[in-house]
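So you can see what is in the structure, the chains are spelled out below.
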Amino acid sequence: MTAPRPGRRGLVRPYVITEGRAHPTRDTFDLVTLVIATGAEPGALSPEKDRVLRLCRGGALSVAEVAGHLGIPVSVTKVLLGDLADDGLILTRSPVPSARPTEPRILQEVLDGLRARL
Amino acid sequence: MGSALACDDVYLPATVSTAVKLLVVGHFAVGKTTFVGTLSEIRPLRTEETMTQAGALTDDLRGVPDKTTTTVALDFGRLTLNDHLVLYLFGAPGQQRFTRLWEDMTRGALGALVLADTRRLEHSFDVMGLLEEYGLPYAVAVNRFDDAPEFAEEELREALDLLPETPLVTCDARDPRSSTEALISLVQYLSAREGQEPA
Ligand SMILES: Nc1nc2c(ncn2[C@@H]2O[C@H](COP(=O)(O)OP(=O)(O)OP(=O)(O)O)[C@@H](O)[C@H]2O)c(=O)[nH]1
Ligand SMILES: [Mg+2]
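If you read the sequences in order, they're chains A and B. Position 2 (the first sequence) corresponds to 2 in the numbering used here; numbering is contiguous. Position 156 (the second sequence) corresponds to 156 in the numbering used here; numbering is contiguous.
Pulled out of the complex, with its shape left as it was, chain A reads as follows (with noise of 0.2 Å):
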């Protein structure tokens, strides 16, 4: 038996086309964060970036809608996002929530939103 090893918690299939980084390199994308392309030219990209970069063309989307949309896992999505955000391809529009963002003015804003649906 072989020790468990902490910190190596893993995805398995990701490997292949993240280039063999399972973690995106920085810990910018949370699952609600909105992305959108810059709309710079890219250079050649892999087929995966290139469909992520086309779907991002269209407007803004969440990180889980990225990866619901294309079918590839939420982990990978934040890879091939990272490259595309570092190659200046695409950018954030919403700020990193924090650990617990408990804005008062943003629960009041999500209760009235939700009352109008009534």
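Hints may be right or wrong, so weigh each one.
What the hints assert, rightly or not - Label-pair restraints from in silico Cβ distances:
no. : chain 1 : residue 1 : chain 2 : residue 2 : range
1   : B       : Asp147    : A       : Gly71     : 34 to 40 Å
2   : B       : Asp147    : A       : Gln108    : 38 to 44 Å
3   : A       : Thr28     : B       : Arg43     : 26 to 32 Å
Said to hold, decoys possible - Sample of chain A residues lacking proximity to chain B, with all beta carbon distances greater than 10 Å (derived):
no. : residue
4   : Gly82
5   : Asp87
6   : Leu91
If you are wondering where the hints come from, they were derived from the structure by calculation, not from laboratory data. All residues carry an ideal CB built from backbone N, CA and C; glycine is no exception.
Given the coordinates of chain A, work out where chain B with the ligands should sit on it, guided by the hints.
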């Protein structure tokens, strides 16, 4: 042209700058997917994450099937609440503990709605315990299944071992109004916890 998806309302309005998330959690077949689908303005999406248990050797798994590998499905939907705010709902099972997906889901989440079924209330304990470990506040919504036994609120509270302040509502996950009201109960609670009683 240029974008991969034809349908325009796939994308968020250009003015939206803030995204928040709430979780919709519960045991197997309790109505999570139904709830998210009922409220979402977009076709509900699903992502699947292939996971290994902590300790698995990622590098050695290329081409080698691992018995501890599981697939975790995450359903999610979207509600644009006003011209700059969007709410995402993530529906996920509670069984998979300490996965990266649960970390991703809970990080930055405002709170969670626990769906429960009176035919198997005890199956909700796992997910409630998990939320408590992550420090995520939650409300409980009991889905009314047709052949489910009826209980008085006090009996349900006791059976679920709820704190006095934890909201407990009934809801039909197939009904938009009922589902919206369940979310409102949750957000009112979250708001009250912040010391800001909603108007
Ligand atoms: N009567 C009643 N039936 C419901 C309700 N919510 C869901 N159902 C039904 O219960 C079944 C299971 O619902 P799902 O939404 O698939 O449940 P789930 O939690 O996503 O299930 P898993 O993802 O398999 O864990 C479906 O046949 C739904 O139509 C409800 O509020 N009332
Ligand atoms: Mg489901």
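Against the structure, the hints:
1. Asp147(B) to Gly71(A): 34 to 40 Å: holds (37 Å)
2. Asp147(B) to Gln108(A): 38 to 44 Å: Given about 39 Å between the Cβ atoms, the range holds.
3. Thr28(A) to Arg43(B): 26 to 32 Å: For arginine 43(B) against threonine 28(A), whose Cβ atoms are near 27 Å apart, the range 26 to 32 Å holds.
4. Gly82: Holds, since 14 Å exceeds 10 Å.
5. Asp87: Answer for aspartate 87(A): holds, closest chain B Cβ roughly 18 Å.
6. Leu91: Holds, because the least Cβ-Cβ distance between leucine 91(A) and chain B comes to about 12 Å, which exceeds 10 Å.
This entry satisfies every hint, going by the numbered hints stated previously.
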